[in-house]
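Residue numbers (this note's numbering), protein chains in the order written: chain A, 76 to 361; chain B, 26 to 755.
Quick caveat, the hints were computed from the structure, so don't treat them as lab data.
The structure presented is a predicted model; accordingly, all values stated were derived computationally and were not measured.
Treat each hint with caution, since some may be false.
[What the hints assert, rightly or not] Cross-link-like lysine to aspartate or glutamate pairs, in silico, EDC-like; alpha carbons within 20 Å at most:
(1) B:LYS739 - A:ASP114
(2) B:LYS707 - A:ASP186
(3) B:LYS707 - B:GLU126
(4) B:LYS739 - A:ASP118
(5) B:LYS571 - B:ASP555
(6) B:LYS97 - B:GLU126
(7) B:LYS574 - B:GLU600
(8) B:LYS707 - A:GLU184
(9) B:LYS739 - A:ASP186
(10) B:LYS267 - B:GLU600
(11) B:LYS718 - B:ASP64
(12) B:LYS585 - B:GLU136
(13) B:LYS687 - A:ASP113
(14) B:LYS739 - A:GLU184
(15) B:LYS687 - A:ASP114
(16) B:LYS118 - B:GLU532
(17) B:LYS707 - A:ASP118
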Amino acid sequence: MEELLQEVNMNFKWHRRFFGAFLILAITSLFAAFYACDDFGLDPDFFPGIVKGQLRLSQVPPEKTDELQVYLIKEFPPRNAADLLEASTARILNFSREDSTQLVPFEIEVDALDEFGALIAVWKRVTDSEQAGVVDPFINTIGGHCNEQNEFIKINLTESQPVVEGIIIDVDLEKVNRTSRVSGTINFTGSWPEDLSNLVLVFSSSLNINLCNPPELRLLATQPTDSLNYDFPISPGAKIAILVWIKTGDAILDFRLLGFAAVNPTEETPALNVDINADFGTPMSF
Amino acid sequence: MILKLQKLVVRIFVVWFLFSLSLVYGQATKGKITGVVLDKNTQQGLPGANVQVLGTVLGASTDLEGNFVINKIPFGQYDVRISMIGYGRQTVKDVAVIVHETPSFTVELEEAAVEIDPVIVTVSKWQQEANNTSASVEVLTAKEIMSRNPIKIEDALETAAGVQILQENINIRGSDGWTFGIGSRVLVLLDGVPIMTSDMGAANLFMISPADIERAEIVRGAGSAIYGSSAMGGVINFITRKPTPKSRTYIRAIAGIYDDHHESSYNWAAGSDTILHFNRQDFTHSRQIGNLGLRLSGSQSYSTGYTDHNKFQRYNISTRLNYRFPNASQWTFLGNYMYEDYDVFLTWLSQRQATRVEEKDKVQTRTGITLFTSYNLPISSKMGIELRAFLNRFNLGIQLGSVDFSPALGLGGAIQGTFIPNSKFALIYGADFKFDRTKSVAYGKRNANLVAPFLQLDWRPASDFGLTFGGRYDRYSIDPDPNSNNSEGIVFDHFSPKVGFNFHPFENITLRGSVSNGFKFPVIFQLFFDNQEIADIVWVANTKLKSEKSWSYELGYREKITPTWFVEFNAFYTEVRDMIDARSATGSTANFENIGNVTIPGVEFVSNGRWLNNRLGLKVNLTYMNPKENGNTRLLPHRQKFIAFVGGSYRPGPFELQLDYKYSSAQERYLIPGTHQFVPQKVLDTQIFFYWKKFTFLLGVNNIFNYEYTLRDKFPEENRNFIAGVTTEF
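I would like the entire structure built from these sequences, with the hints used as guidance.
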């Protein structure tokens, strides 16, 4: 029995020594292999391109402002939500909520070197979802990187020029300061088209729509009806309420005119009641 | 048409049943074999060992003391095989059953950490030695599974050669990409019953509690010739623990915390007091009450997630009942229920920003229930019949916005005959039936029927040479949506043949090869899911989808170098026609398309061995493959060229150290086009176990170097975490 115990004890000692050597060898070689390569996988600075600039604010941000966002987007208007999903963005939180004029820096890290059609600033309300929806740029766009002809300046990020700096975007926060209200009834005549996909009420300062500072846009229900009540908050100032419809498969700017009316909410009369007549039977144009 | 086919199948089985009865009454001279199975080290009886009379369908399990009795054996001379999970298999040769004498013997089984040649049931739906099949098969034992301390069962699967898990997708040799699990090309079985969802065709791994699993049999390559659609890339059969003759209670508790990510943008809880953590508790009790065996299990698992939108809490309850009748027939019932609350995690916009989900959609619930019953009747010593019925009810669909799914219901049944006239032949035949009922606003109301007769012959003309022939005909009929005027029914059918061989030129060497046809019908989700937006991608239906078809060719060489060490080399080539894959041409819309022809050539090396009286173990799996579609120079999306697993363990005295290293080369394409950073997977896990009396304590670190990588579009994989746990069994 003693011999057996001795053998077991020797075996255990031998294994303990072997185990120690195995442990040291295994761990040393693995650490050496990893640290020699200095390889931690994904590179935190993997951004081939950068766009830097500043937003120039000339009004105090509205009380309901959550944050400002800048989108570097392939095409404007976006064809769909995925265009916005794929857009590189910067979230801006470090702005003053009291100053009426300020310059706020932004920096967009871009996943892919490419040519981008537009750089736009978007206002985000406290309750809005984190990611802009497809109509948000129309509702909440507060500025763009544009030339004097109000056209977007393209940004081309290449291997030889992966960084673009010094961009200044003037933002219009009055547009999202929606202290007024417009409501009323839309009366329809004519038969509703079967291929109608969207019914949209556009509030624009002129009939000539400027993409660099797009009009406010509100979606309406698309169930055929004789009349439809609407009620929307908008910013004060003279505007034209334009009712349009979009055919299934068409782009968001390929709209067809249905009717329009002038609106001019002011500080004194913030709530207006305006009825609009819409006729599907008689094609209209600007 | 489908009704005619069902009637034909039923008629064939009635004729066969009458024929079987004639055989029963034709056999009059019968004896029995008795014996006892002992543990070689402890000399104690081994309860629950499997004893099989080779060349017949007769067998038994040992009782509490290790005793067994097998009755109704026709007079003659037999080989008797004794096997048990965790022990080396033994065969007692030339046992003579003669008049007025009952042969009796004692067998001593020795514990084996590596099962060189286990007895398996998945390749041909009958018990056979893995070395005698024409397929590449691997068995993960309960010990191997539990030693990886899995929170989820899939955590343990990647220790098998050629297997990689991409969230819900199980990828065997590059067969699957990543499609949220939809249209899986790997069939997952629980005790032989498919647990695929009826709408999405996804493997419902959520149902499986790791502590319930006795072993997982992984068959690589096309298995459609016996399992039909979904088995195109392989089959994984999770076999649950049988109720033990001796009362057994198992309790396990593990907990851990996540470290900070090396890539700081994934540290969503940085700056808060939240400590990201996880835990899991398992309880299992099994016992025998007379002829009734009973197992009850329950588990809870919780994780805050290692990154944003990754929290889950899951409960699993399961039971298994076995009843052995005096006529040696056996009834089995299996019930599983799963409930889970989980955070929806869609994808990352960039490495620094996750796609947000509306607060109302953020926490979702999924539930699942599986009920399974089978009756196994040995009609004679040569012939057995098994009847199976099952019900699956899963609710796994992503419940975002209007994309609302009702639970998908799958009702199925099978009838299977086994005819073993002698030790040279085994004929397996039967038919599977299934009825799918699904409903969603995304694809309407869709009912479907499956009927699939199959037949397989394993023939060993010589003891060192075997051939396999088989085939299965599947007919899947999807009814029109009763609520839609524009809906038409769709019918798919396919015949899948297979031929294979197995040859032992020397005692320790096995050569094997096979040519098999595989296929996969499009699932209801792929066909009809229409005009729904998930993660800002609009999914569009494609009712014109055709079935995928494949031919798989495989050659294998396996050598048993020592009684505890084997090596295996495999070469495989798969050619898929009309492969179905998710495609997003614009990044804004996506659908499932027949993308064309795909080839997957590859080679594989497997080595598994233990030395120094089983104290030192090393497992090495290397798989190289090149899955490409014709005309494209890059790999298929979410596939790698090279995957490897190296696992080592050493056990001096009461301690055991385990090191696992997982590597996969960088991917080259993801589903959504764009610039991605592709890096390889390099993960080292380590565990230390301490065995004391009936307790096992563990400390471990997973992803010890905090290596940051993604396997799916910008999804970070698990970062470094520290784990501690205790297990007891009594």
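Hints versus structure:
Taken as a hint, the B:LYS739 and A:ASP114 pair is honoured in the structure, with Cα atoms around 18 Å apart against an allowance of 20 Å. With a CA separation close to 24 Å, the supplied pair B:LYS707 and A:ASP186 exceeds the 20 Å bound. Between the alpha carbons of B:LYS707 and B:GLU126 the distance comes to roughly 62 Å, so the proposed pair goes past 20 Å and is violated. A C-alpha spacing of about 13 Å is found between B:LYS739 and A:ASP118, which places the hinted pair at or below 20 Å, so the restraint holds.
Our distance criterion of 20 Å between C-alpha atoms is met by B:LYS571 and B:ASP555, whose separation comes to about 17 Å. Annotation: proposed proximity of B:LYS97 to B:GLU126 holds, straight-line Cα distance about 13 Å (limit 20 Å). Proposed proximity of B:LYS574 and B:GLU600 is supported: the alpha carbons are some 8 Å apart, at most 20 Å. As the CA atoms of B:LYS707 and A:GLU184 are separated by approximately 27 Å, the hinted pair breaks the 20 Å bound.
Between the alpha carbons of B:LYS739 and A:ASP186 the distance comes to roughly 12 Å, so the proposed pair stays at or under 20 Å and holds. Taking the CA atoms of B:LYS267 and B:GLU600, the gap is about 39 Å. The hint is violated against a cut of 20 Å. Among the hinted pairs, B:LYS718 with B:ASP64 is consistent with the structure: their alpha-carbon atoms are about 18 Å apart, no more than 20 Å. This hinted pair checks out: B:LYS585 and B:GLU136 have alpha carbons roughly 18 Å apart, not beyond 20 Å.
Among the hinted pairs, B:LYS687 with A:ASP113 is consistent with the structure: their alpha-carbon atoms are about 18 Å apart, no more than 20 Å. Between B:LYS739 and A:GLU184 the alpha-carbon distance is near 15 Å, which keeps this suggested pair within the 20 Å criterion. Of the pairs offered as hints, the one joining B:LYS687 and A:ASP114 holds, with about 15 Å between alpha carbons and a cut-off of 20 Å not exceeded. Under the criterion of a C-alpha separation no larger than 20 Å, the hint pairing B:LYS118 with B:GLU532 is consistent with the structure, at around 17 Å.
Among the hinted pairs, B:LYS707 with A:ASP118 is consistent with the structure: their alpha-carbon atoms are about 14 Å apart, no more than 20 Å.
Taken one by one, the earlier hints fail for this structure at numbers 2, 3, 8, 10, listed in ascending order.
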